[in-house]
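Here is how the chains run, residue by residue.
There are 6 protein chains.
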Amino acid sequence: MKTVYITRRETFNAAHKLYREDWSEEKNWEVFGKCSNANWHGHNFSIWVTVKGVTNEDTGFVINLKDLSKIIKELVVEPLDHKNLNLDVPFLHGLLPSTEIMAIEIWKLIDQPIKDAGGELAKIKLVETENNFVEYYGGKEPF
Amino acid sequence: MKTVYITRRETFNAAHKLYREDWSEEKNWEVFGKCSNANWHGHNFSIWVTVKGVTNEDTGFVINLKDLSKIIKELVVEPLDHKNLNLDVPFLHGLLPSTEIMAIEIWKLIDQPIKDAGGELAKIKLVETENNFVEYYGGKEPF
Amino acid sequence: MKTVYITRRETFNAAHKLYREDWSEEKNWEVFGKCSNANWHGHNFSIWVTVKGVTNEDTGFVINLKDLSKIIKELVVEPLDHKNLNLDVPFLHGLLPSTEIMAIEIWKLIDQPIKDAGGELAKIKLVETENNFVEYYGGKEPF
Amino acid sequence: MKTVYITRRETFNAAHKLYREDWSEEKNWEVFGKCSNANWHGHNFSIWVTVKGVTNEDTGFVINLKDLSKIIKELVVEPLDHKNLNLDVPFLHGLLPSTEIMAIEIWKLIDQPIKDAGGELAKIKLVETENNFVEYYGGKEPF
Amino acid sequence: MKTVYITRRETFNAAHKLYREDWSEEKNWEVFGKCSNANWHGHNFSIWVTVKGVTNEDTGFVINLKDLSKIIKELVVEPLDHKNLNLDVPFLHGLLPSTEIMAIEIWKLIDQPIKDAGGELAKIKLVETENNFVEYYGGKEPF
Amino acid sequence: MKTVYITRRETFNAAHKLYREDWSEEKNWEVFGKCSNANWHGHNFSIWVTVKGVTNEDTGFVINLKDLSKIIKELVVEPLDHKNLNLDVPFLHGLLPSTEIMAIEIWKLIDQPIKDAGGELAKIKLVETENNFVEYYGGKEPF
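Taken in order, these protein sequences are the chains called A, B, C, D, E and F. The first sequence begins at 1 in my numbering and counts up by one. The second sequence begins at 1001 in my numbering and counts up by one. The third sequence begins at 2001 in my numbering and counts up by one. The fourth sequence begins at 3001 in my numbering and counts up by one. The fifth sequence begins at 4001 in my numbering and counts up by one. The sixth sequence begins at 5001 in my numbering and counts up by one.
Since the hints were derived computationally from the structure, they do not count as laboratory data. Incorrect hints may appear among the rest.
[To be verified] Stretches of chain C that chain B covers, calculated by requiring three or more beta carbons in the stretch to come under 8 Å of a beta carbon on chain B:
1) 2005-2017
2) 2055-2067
3) 2105-2119
Don't be surprised by glycine CBs; every beta carbon is placed ideally from N, CA and C.
Using the sequences and the hints given, assemble the complete structure.
Set out below in structure tokens:
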């Protein structure tokens, strides 16, 4: 039995800013540029969740995409969609909502539920714009 | 000499909410749904600006895309990118920043500058998500 | 008050074949090529529905996208998604499910419900593959 | 019987430059910028050809996409793909290969063959980059 | 000499269903949902085939894309395009045509021909919709 | 602290040909096909540069995308955009500009500058058309 990787995409639209209260306006601008705008900006985010495993003999599935989609929608899309990432999201409270930090925190949320559904979380890809995204493998370094 | 239409895309990322202060929370939620979230949400917007005209005999151009791009960047991207559409944008002040309203107001801003550059503004397409956009022809009804 | 066009996309995945029972295998192959495969083939379809109108003074909307999405999902996606277009779809019964015919028949289904929601159906764009699509304006010829 | 519009995409990759021999280097740079590079540059072009008509009663087609694709491949892709638009293309000889000019010249080539196949050429859309394209309706001005 | 990975995409459109004859309708619906529709549904599939190797000193190629494309077209696109994956495809006979199973079976078909062409098959990515795909590394687990 | 991968895209449009002066026309055609056209052809290239690292405690960044974008624009886009890859680019002089070779040479250019900016170059993905791309991990073989 051979390992296959399966990926499901979900999307959410959110506001955020990259801004440290303990820094001056000037320092924030110097480091975060226009992302530090006091009144927020926002993005259409896409999250791609990859699960690895061997195919189930009865279904041919690594994981049922209905189950995977449900996990992502309940634990990621529901709390993030049409929200302010700095203000409205308990699991990001007190953190700078960079895409890197978001990917790390989302991993913690969905890792066990995916295990409970019979899969193994292998990768989270979080796309912020058509020009940038992050990938997180739970801290592993495949390359 | 035959009319050709040429289109240039620019992008901006912004926060907004659809919310009327003169309505109750309930009414706002009923009409605007999750778009009424008090703490804002946001999008990656794309704007496609179409100019019509005949081709210049010397250049083969309807309008020089460098000029068209400059107009859009200065008058649209600069004031909207990484901004809050409800709070930070003078030309949207006091208006509900729906994509429809945004397209109408952007038309007013760039119509004359495009004329001054020798073109004729024919259409603005404003894309909010991969699932929705508006098109505005200056009020004309081509179909 | 100026006319704006607003568009909503929904998607569905379906099987079909282009095949006339009253033609020979050879004739079917000659005209429809591989699309006539007896055991069906299929596509990921996207439907883009465009509604025209003036913006509502209270909401800034031509039509509320929640209402438009609901109409398309109930009347188009529900009966077509994960279905056989030749066998499973009452409103296509007895018709060749070419993208042209599908667009015409979908128009008949959603035209009045969109009117009832306060909009005017202006265009249906039905995308079959990344290389082909049809557009239907209710029979009008804008160009 | 109602008019439907059907569109087929084909692609080609080509080199070109925008440069007038009767202008100085400086003038060329001023007008055409980096597009005037003496040693050429290039693009992945997409051409979208739209044909209008009523659906054939036997086939449900406005035009058979096999026929439309064949016309575009023979008359457009064959002479342009992996070619130099300034040097290698008889029908562009002596012309500045701007996207506007290319669309106008391609129209002349495929208008009659599409008529001969039972359709009516309605629009050519020529995409040069993800940020710009031209549309040509044979000189008509639908909007 | 350094290892480079090169990828070629091809596409095919096919019908299938996920349905076990040895299960009840109810069980099939419970597990496979709308994918179990008796009369099939379908997709536009994209297959991305990745080959690894060092660059040939004469050509700068890991593998000639003409050769790679020919292998995929003959062994994958030809038998799958405009076909029913459950009924028409010898190499999938008796198997549930999930994307996972398809990727595994396609690997077996093209692994040796790619070796014969001087490359080494490294990955198959099979895309079923814009929201899901599988990746298969021949059973390896890179991450 | 966990490793995250962050990717930035930039684009450039260039002309090239795959042609060896020490081979006959016939041999060039046999190996390189239409890519050997004497008068060049061209592409819209996209380059995706991936940097790995742990998140900075102050910023939540692996690397500041402003810095990464600046490196790619100065060292890759500036010398390649609207250029002839065979004639105009010092770092490709004397090399066949296949996408494989280009990825290898670009790695050499940006590896150290990315280190100097506090990151570690992990991958370059160079996309030539919608149907082909190469990936280079500095010679490593992650899969």
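Hint by hint, here is what the structure shows:
no.: 1; hint: 2005-2017; result: holds (count 6)
no.: 2; hint: 2055-2067; result: holds (count 9)
no.: 3; hint: 2105-2119; result: violated (count 0)
Going through the hint list in order, the structure does not satisfy hint 3, though it satisfies all others.
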